[in-house]
Amino acid sequence: MPEEEINYVFVMLCLGALVIALVVIILIKSVSLVEHLYSYFYKKPLYTHFYFRVKKLSPQHQEFLKQNFLFYTRLSTKQQRFFQHRLVTFVAHKSFEGRDDFEITEEVKLYIGATAVMLTFGMRNFLLNRLQKIIIYPDVYFSTINKVKHKGEFNPHLKALVFSWKDFLEGFDNDKDNVNLAIHEFMHVIQINTHNHKNISAVIFSDANKELENLLKQDHLRHKLINSRYFREYAFTNRVEFLAVLVESFIESPQVFEQNFPEFYKKIKEMLNYHFAGY
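In the working numbering, the protein residues as written are 95 to 373.
Be a bit skeptical, because a hint or two may be false.
[What the hints assert, rightly or not] Label pairs and their in silico Cβ distance ranges:
| hint | residue 1 | residue 2 | range |
| --- | --- | --- | --- |
| 1 | 322 | 131 | 16 to 22 Å |
| 2 | 328 | 289 | 17 to 23 Å |
| 3 | 197 | 156 | 20 to 26 Å |
| 4 | 321 | 224 | 34 to 40 Å |
Calculated from the structure, these hints are not laboratory results.
Glycine included, each C-beta is placed from N, C-alpha and C at the ideal position.
Please model the entire structure based on the sequences and the hints provided.
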């Protein structure tokens, strides 16, 4: 083949590749624009779950979820498969470390991972990339961050979440008091994880959070919150703690929450994209 023809073919291949790349970029941008418009009106992503191969838990671990997570039992069969897939994936992506001779068992990983999956089940991005390590003590521990004893905390600089296992379990033993250490601390992780992120779930979360804060500025709603004593006083420490406490109540007593504070309930539901049974 003459050199001129080779050059021509090469140029045409390059142009073809460039056109294909541009078409792909335009399609991606168009889908992103459509989804943002969709989320603006409907307050949720176009889709949440899409997996090439769904991973499954063992029958024994599936039974563990049924016995310990009411949330899981409320899901449809299809949603339960997605929950299992996310749980297997989440646990595989995190490091679990025991302190003071605490033993990391499969049950420990399932309990912790299922809590994270429950809270992010309505979000497309669920791996919480700003969390890498989960450290568990058998009981309250001495925090090197603020030099006091703690039940749990999230260190965003070390990407580490720390729990007292005793207090972790107590949060699930009583699911009617609106106090759950695991839910509370994972909400701090989610807040950090969605900060300044551009994925659609993070955008929806952040927008709803801003609207939630605007509701809190309304005197009559703020006074109603405080006087009701439905939320414990710790909720009014700051806005970060306020959201974490609200989500504890949202998960444990959604019907009471909706009945008494429908405005706040609606925003939490939007933030978590909870559009399924029980919520």
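So, going through the hints one by one against the coordinates:
1. 322 / 131: 16 to 22 Å: 37 Å, violated
2. 328 / 289: 17 to 23 Å: 22 Å, holds
3. 197 / 156: 20 to 26 Å: Because 23 Å falls inside the window, the suggested range holds.
4. 321 / 224: 34 to 40 Å: Given range 34 to 40 Å: holds, Cβ gap about 36 Å.
Hint violations for this structure: number 1 only, all remaining hints satisfied.
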